[in-house]
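> Listed here are the chains, written in short residue letters.
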Amino acid sequence: MKGKVKYMMLVISISFIVAGIYRGEVAEVLKKAINICLECIGIG
Amino acid sequence: MANSKRRIVQIASTILGNGYFEGFAKGTIYRGKLKSVCFPGLNCYSCPGAYTSCPIGSLQSVAAGLKHQISLYVIGFLMLIGTIGGRFVCGWLCPFGFFQELLYKIPSKKFRMPKFLNAFKYFFLAVFVLLLPALFTNEVGIGLPYFCKYICPAGTLEAGIPLTISNIALRGAIGILYYWKLILLGVTIILSILISRPFCRAVCPLGAIYSLFNPISFYKMNVDSKKCIKCDICNKNCPVDIKIYENANNPECVRCGKCVEKCPTKAIESGFNVNDRRMNNEKTFNNNCSVNNRN
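Quick note, the sequences are listed as chains A and B, same order.
Anchor point for the first sequence: position 19 equals 19 in our numbering, and the numbering is continuous, going up by one each time.
Anchor point for the second sequence: position 190 equals 190 in our numbering, and the numbering is continuous, going up by one each time.
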């Protein structure tokens, strides 16, 4: 059973990544990451 | 041998993930397209050297956005890495895990972490990474990355300190929050000298996510119960204080392989095909038996 679960998880994870790309989340992640995150460094 | 190999991988991962040296010199960060890809370990995306994104920061930024979504892109990425290796990333690739390991090498009296603290990382994941950024928003409807802002010492170490050293404008904006995060980093450093990997075990939301995949991941640990003499040498050398012979794929295991190396009877093995190999051996054994019986 565990052998099947890992293959199912593999398919689900790849589906999630594709769905995320389709929803435009890559641009959202990039937008946040290319600007200095003031909260992360303790200033914002 | 396995441990020196792991050390080389940890150093390479830390340098490759943070190799934009220009950022350290100029007090800026890398702004290329590679930043849309997540780093598998905890590595702040505002580190001047970071080429990639922090998955925990990305998860919060999407949750805190106007739509308050759980990022399928980031969750899918974490599920993929978790399904392949479980907490392998924690033991081999995470720069902040590596930092804690180095601190633990400083000679001092060492302590064991109470086991109940292991559960706290799930609280940090649920509350600070997922709920607060989505629920507590400003008048425009945008939330904050609460874990990054109030908890994460990796951000202070990798981004806060180097940026405020080399960027005058940022240095001028230092306030109470910055000092709060410096105190948290100081506490983490002191605890890491006394206790093995305290942040990974009690706080890290990334470790909390990967830990869920340890029992089902492709990379596996396996203990041969016929060879194991329960001498506890594995437990004495384990950085996260687990008895691997009780549960070979314990959610806390960071797959560092120290137990594999130290086991006097070679009862522990790890890899991508340990279970399959065992099954094949059993099949071969059964086939041999049936052939012998026929003869």
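It should be emphasised that the hints constitute simulated quantities derived from the structure, not laboratory data.
Glycine residues also receive a C-beta, built at the ideal position from the N, C-alpha and C atoms.
Check before you lean on any hint, since a few could be wrong.
[Unchecked claim] Calculated pairs, DSBU-like style, for lysine-lysine (alpha carbon to alpha carbon, straight line, at most 35 Å):
(1) B:Lys243 with A:Lys6
(2) A:Lys6 with B:Lys33
(3) A:Lys31 with B:Lys26
(4) A:Lys4 with B:Lys227
(5) A:Lys6 with B:Lys266
(6) B:Lys105 with A:Lys4
(7) A:Lys6 with B:Lys26
(8) B:Lys243 with A:Lys31
(9) B:Lys5 with A:Lys6
(10) A:Lys4 with B:Lys266
(11) B:Lys266 with B:Lys236
(12) A:Lys6 with B:Lys115
[Unchecked claim] Listed below are several chain B residues computed to face chain A (Cβ distance under 10 Å; list not exhaustive):
(13) Phe21
(14) Ser217
(15) Ser270
(16) Val274
[Said to hold, decoys possible] On the chain B side, residues computed to face chain A include the following (Cβ under 7 Å):
(17) Ile29
(18) Ser61
(19) Thr83
(20) Ile190
> In ascending order, which of the hints set out earlier in this document are inconsistent with the structure?
Hints 6, 7, 8, 13, 15, 16, 20 not satisfied by this model.
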